[in-house]
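Produce the complete structure using the sequences and hints provided.
Protein chains in written order, with the UniProt record's numbering: chain A, 1 to 466; chain B, 1 to 466.
Wrong hints could be hidden among the right ones.
[Unchecked claim] A partial selection of chain B residues facing chain A, derived with a Cβ cut-off under 7 Å: (1) L37; (2) F146; (3) R189; (4) A228; (5) Q245; (6) P343; (7) T344; (8) V364.
By construction, these hints were calculated from the structure, which means they are not laboratory data.
In this text, a Cβ means the ideal position worked out from N, Cα and C, and glycines have one as well.
There are 2 protein chains.
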Amino acid sequence: MNTYGSPSNVGPDAGLDTGPDAGPSAAQLRTGRPTGLYTDQYELTMLEGALKSGAAERRSMFEVFARSLPDGRRYGIVGGTGRFLEALANYRFGDDELAWLREHDIVDGPTLDWLADYRFDGTIHGYAEGEAFFPGSPILTVEASFASGVVLETLALSILNHDSAVASAASRMTSAAAGRPCLEMGSRRTHEEAAVAAARAAVIGGFFGTSNMEAGRRYGLRTLGTSAHAFTLLHDTEEEAFAAQVRSHGQSTTLLVDTYDVARGVERAVRVAGVGLGGVRLDSGDLLTQARDVRAQLDSLGATSTKITVTSDLDEYAIAGLAAAPVDSYGVGTSLVTGSGFPTVGLVYKLVARQNDDGDWVSVAKASTNKASVGGRKFPIRRIGDDGHATDEVIGVGSYPEVTGRTRDLHVRFVDDGRIDPAYVGPEAVSAATSRRAESVGELPDTARKLQRGEPAIDTAFVAAR
Amino acid sequence: MNTYGSPSNVGPDAGLDTGPDAGPSAAQLRTGRPTGLYTDQYELTMLEGALKSGAAERRSMFEVFARSLPDGRRYGIVGGTGRFLEALANYRFGDDELAWLREHDIVDGPTLDWLADYRFDGTIHGYAEGEAFFPGSPILTVEASFASGVVLETLALSILNHDSAVASAASRMTSAAAGRPCLEMGSRRTHEEAAVAAARAAVIGGFFGTSNMEAGRRYGLRTLGTSAHAFTLLHDTEEEAFAAQVRSHGQSTTLLVDTYDVARGVERAVRVAGVGLGGVRLDSGDLLTQARDVRAQLDSLGATSTKITVTSDLDEYAIAGLAAAPVDSYGVGTSLVTGSGFPTVGLVYKLVARQNDDGDWVSVAKASTNKASVGGRKFPIRRIGDDGHATDEVIGVGSYPEVTGRTRDLHVRFVDDGRIDPAYVGPEAVSAATSRRAESVGELPDTARKLQRGEPAIDTAFVAAR
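What follows is the structure, encoded as structure tokens:
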């Protein structure tokens, strides 16, 4: 059921190297579905042009970064790196893809031959998934021939823009929830495959689990879900519906109590399930008032341990607004999967350096007033103050920055001459990213967790070699 | 490479009926990937509860509708119906899916057995893809056993919410473009599979073509694309880059002229390619001023037939703002694939009627102040005035509405006792939807095409049987 690169295809031995050392991993990665056509046509026409001009083999450095954070956000969270690496392992052009490109005359014969043999053999560094990022942070750098790197633009940006948007929104929500579990239930509000990726990104952003079954299966996430109004309406009475659910799911289930009248729903729920009822869910109305009323009613009925879950059009602001309400968990849908107003985080994929005919690196950048980028290879570090909080981000341009005091390297190596580091793919990478996000956000100054619009939580400086 | 339901798997003979009459079509549809886990857990727990309570086989009517249009929009465009039907043909639970559900104790044994045998055998009516819709329009109605219908909620909503959001935004953009071609190039700003669906929905909304290769292959869409700044920066000079592109793609290619200096870029482009150069692309700066300057420069150089394409952060308002500029086509990215501010259109999937133990239909609806729905089966028609423009939408509740004058039925039958009508799936359905959208929007009063916020273009009335 995976679109591409099932995690099981990119296990501990996965690599892109198809040479003699790769052995089983090369065979393993071929079992995924080809992802070569997740590509914009201009990448293929640039490839053809470069193959013709002779510049295709020039060693090049491409960089993924955001020019700014979405309006007033204090930080972003890198999401999607693991998915990108899994897709990269399957970035190739099978017979179907090549036949279509040929029939539609998209590129010429030599370019088709080049695509047929494509296996990424370059090196990729970047911010580990779950890491906080800021404007200009080089969250992914691809070093390869121009030809090998240029074709990855759309694949990298599609995945990183989407998943980072959701992970960034999720992180704000879980901060606002201040320890109460957040539950991802937005699948119905986004594309069916994007929903799977969104669930994964939400968990990286600190969500407890997801309602999405495929996300649970593919990435080993906790799943959850009880019932909708339809289940109550199906039965002749609310009691019958509650009784049916308790019969099949036990007393620990969560009953949806707002189909008819909340107070009567709560009373029936406790009568049917007993005071040990697991939880009740509120999905409409003024949640602040209702949560207080329902908590009082549950307590008066003796159901003091019954939890209250709320789920109606929540975002980080609504969650913060319920901080004083007796709510035990938040179910978040639309706002989460659409990045809470910013469904994409503005990441771009730019050529920042390439070699000339003598093999020397040349920094390159578009000369434009409103789309500035910094040429050259980047070496990013985060500086940590005496109190353990990050103070700023320093990005060496062309060489490692010379700074004093405590620092933390931000770039890790994902791919080395075509071989993917297994630490960054598969379900384990999701767990690692979840922990990393908590640490990275925890390391930021307190201003980072403000919901109000403002400047990035820390400054970023680009430092060129002296 | 398809996620599910390749159009080729849902050809003219495709059906869901697995009985003796179905023959080849049943085998055909099984070649798609299972889509059963594109489902929220609560649908499966409701299924289990209903199987236990005995209500699972109650004949039920589920309806997809929007409570309102996104803020101030005048109409919406139905998108995704064809993709939903293709996914429905593959909605089943294979060994992998069942094993995962069993291992994680999501549902009990009898429910697993029921899922293993699942083939949708109900009937589905709805608005044909490309049709305009309004608040309350029943764009999809699913009539089946409760069990068969309840599990489709997430699949239906994921697809229809996403694709309708993009088709609706696209329609506003192509109206604003007033005949100039709009080109979809947003793949880098959305999930990689959502990008494929977005390209399809954009074309339904009137876009000329897409940069997305997989969308071209899967749905037979026109594709296009030339080069990015990276191609210019790769070469030692802009001239070399232009010459390489013209050598490989011919004089009719479109050259990106704003990497360094637009005026010099245009001069070099014409010098290298000749006055027969196909086009130039502007991707930054003040497009209105630049387009005028570039047009004047091209004309003065004799390149009077060279086209100008603009592509920088356009939405329907920016497109409208360029109406007086000498622009020949618009490339639209982020705003299109994210629904121009509304990445989901708020469609919900509700149980509106179900039979009781006597086999009588009972209308049902949640009693809630802010989430009202109208119970019962719907029969929607659009009334057409003497001038050929739609005047209002009338939705019969429980029976066909009794109205006079010229009318148009809005419901078509997509699935009849499990058999999918081939007219509504595959690449041909996309072409049909493209035409339908143009006709349906053309039929609306002129206010429909206003970009300013306002009321829906026509009113909707619910009429109950007398």
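* Asked: For which of the previously enumerated hints does the structure constitute a violation, in increasing order of number?
  -> When the structure is compared with the hints, none of them turns out to be violated.
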